[in-house]
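Counting in this note's numbering, the sequence shown runs from 200 upward without gaps.
These are computed hints drawn from the structure, not numbers from a lab.
Treat the hints loosely; a few may be bogus.
[Said to hold, decoys possible] With a Cα cut of at most 30 Å, we get these calculated DSSO-like pairs of lysine-lysine:
1. K265 - K238
2. K238 - K258
3. K255 - K238
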Amino acid sequence: RMLGSAAIMLAWVANGRLTCYWEYDLSSWDISAGALLVKEAGGRFTDLAGNDFDLKSRKICASNGKVHDEILRVLVEEAGVV
């Protein structure tokens, strides 16, 4: 369930309130600032294939970095998201 905007969810990942946040279809204006927050806080921000974020990325995963690879694996192998 979505608790607010993508920007607030990404800010919560950056400050440690959330461990991970992923979304399937977002626009660059929804996530660019949040991507910067997550990266500057030491987290990881990629597309759902694990590639570095760029402005064309619409399917994203942000995390504290420690769980990132496992979240991507579960999304691909077990949830069939990608």
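Hint check:
Restraint check for K265 and K238: satisfied, since their Cα atoms lie roughly 13 Å apart, inside the 30 Å limit. At roughly 17 Å between alpha-carbon atoms, K238 and K258 fall within 30 Å of each other, so this suggested pair holds. For the suggested pair K255 and K238, the alpha carbons sit about 17 Å apart, so the restraint of at most 30 Å is met.
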